[in-house]
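Knowing the structure of chain C, use the given hints to seat chain B on it.
Given next are the chains, with one letter for each unit.
2 protein chains.
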Amino acid sequence: MVNSAPIFHKRHFLSCDWGTSSFRLRLIASASGKTIHAISETKGIKKFYKSWSSNRDSSKRLDYYLAFLGKQIEALEQSCSSELDRSIPVIISGMASSSIGMKELPYSSLPLSLVHPELNIHHVQPSERFSRDAYLVSGICSSNDVMRGEETELLGLASRLASKNGFYILAGTHSKHLRVKDNHLTAFKTYMTGELFDLIASKSILANSVDMRSDPVPGHGFKAGVKDAQQENLLHALFSIRAQDLLHNTGKPRNRDYLSGLLIGTELSEVVASEPARVILWGNSRLQRYYADALEVLGIDFIHPAIKGDEDITALGQRIIFNQITN
Amino acid sequence: MVNSAPIFHKRHFLSCDWGTSSFRLRLIASASGKTIHAISETKGIKKFYKSWSSNRDSSKRLDYYLAFLGKQIEALEQSCSSELDRSIPVIISGMASSSIGMKELPYSSLPLSLVHPELNIHHVQPSERFSRDAYLVSGICSSNDVMRGEETELLGLASRLASKNGFYILAGTHSKHLRVKDNHLTAFKTYMTGELFDLIASKSILANSVDMRSDPVPGHGFKAGVKDAQQENLLHALFSIRAQDLLHNTGKPRNRDYLSGLLIGTELSEVVASEPARVILWGNSRLQRYYADALEVLGIDFIHPAIKGDEDITALGQRIIFNQITN
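For the record, the sequence lines run as chains C and B.
Reminder that position 71 of the first sequence reads as 90 in this note's numbering, one-by-one numbering, no gaps.
Reminder that position 45 of the second sequence reads as 64 in this note's numbering, one-by-one numbering, no gaps.
Only true hints are included.
Copies of the same chain look alike in the list, so a pair counts if it fits in one copy or across any two.
In silico lysine-lysine, PhoX-like type, Cα no more than 25 Å apart, as pairs:
1) 69 to 271
2) 122 to 79
3) 66 to 222
4) 65 to 271
5) 66 to 271
6) 69 to 90
7) 222 to 65
8) 122 to 271
9) 222 to 69
Bear in mind the hints are in silico, worked out from the structure with no lab data behind them.
One chain only, chain C, in its complex shape (with noise of 0.2 Å):
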């Protein structure tokens, strides 16, 4: 935890979610958690972490990461068209916490408080090198998971639920199911769902049986493979696709729904198993239309909080940092 706070202007801050592919930076009227302004670039951790490790030699890596973050600022500060006052500090989560980041920062642990969380949280007092306060948060870890991003976005998605506690399902690449009671993250697990879709589908020996020119479709090919993950072994589930084209023809573009909802119906599979009380959804609006569906077919009920058009949960989540920080 942060022990002394320094004094700023507290009526906005820059949001900074830099995760493994992508980099956001967001101005926020602190009050509301609306986004005033956003910029993204695709300079995600892991293609920074690379600049870095080329370049070892010119600049400390924390400073590195600063310099790039600095510009990002400026770059801001021109789309908007108005300078930013020195005293608006920056809050950073994601990646770059992890050992690629700009500085690896120990997980904090369970239970985590959603209303008062206690999180490590670096801070880098303003210098030469860099004009403003910046926090970066750490992520949180069980004793046998871990998570850098999510405990940011679950605060900030948990701020716009009356009741807090359920089951949260926040659909990703690497999916997360958390557990909320009284108010407390107590336990999570991570699913390799998006990511084990993508490979499958470019590198095995059912490239040549998917379709992947677009999305998955959540109609009659993707409920058969919710379904089927019920009652199939995965391993063997995965290569019936194949025979199926061959036997069958298929159709690609059916095959590609398939196994997109073979592998999301295999993770909601302990969804079902738990029977959680109270189901509360989130992702993309790609994903979650897939998430909706394949529980639809399982028959578990869920709520998908409101977020307004101009919020960001990473974003709502540091203001309940921020806010703690400047209190």
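Chain B alone, transformed into the frame defined by chain C:
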């Protein structure tokens, strides 16, 4: 089936096992089934199809494949320093009958007698282009699964067992589980186990967490993977490898063993559920070792057929087909 059987030298036949990534040619003594001489090539069907595709104007597909086969027979003659009588036929099984093979043959259907197998066989008469009889063997299909090559392996393997009935596990890149009842193959399932192991270990986020410089070891890590596969959701258990690596520095060789155990254990969970009375295990010595260890962890008894060092199960299976053709 073949309508007119030509008369030829019955003491020997040539056994060609043309798989996706390998080509094997053997001279077999038809009475004993023993291999007299063998050569192998890395030009599997996949690679060979590519080279035909880039030369397709120069010759017809079947001729192109037969020309290669002819050269390999010459190479076999050179390596055993004796001319092979033109009356000695060649029997070809594996992917050579697939859509990328020398000629695509429709799959034969279940059930398949292991004593008097009725497979689709394409007979190529001797001609100027290829001087001996060639017999191309089809694969087998069920309503939702396919194989090419393993049906011939099964014939050979079962020919060395006093009782052929039981549940066969043919461990491989795409493992097969086969049910044999009243001396007939009645059902089978394919599992993508081996291919997924290679894909996940080399191309996924886990590539950084597993050491692939040597083969998995069937020790503690492997056994833990087999056990966890019976309890855990596979998509989550996979990610736990990354988490354990980050949190507990479990060791990359151990993580590789665990990954192997997890995938083989997932495949074999189907065997646990179906409780077959008699399990017959086959596979190359490396794979067989893992499967044997996994079956032991799961408390499933199995037998391992005794095949002599100078015998090959594909050649033993082709011998049954050869005897059918010549009798």
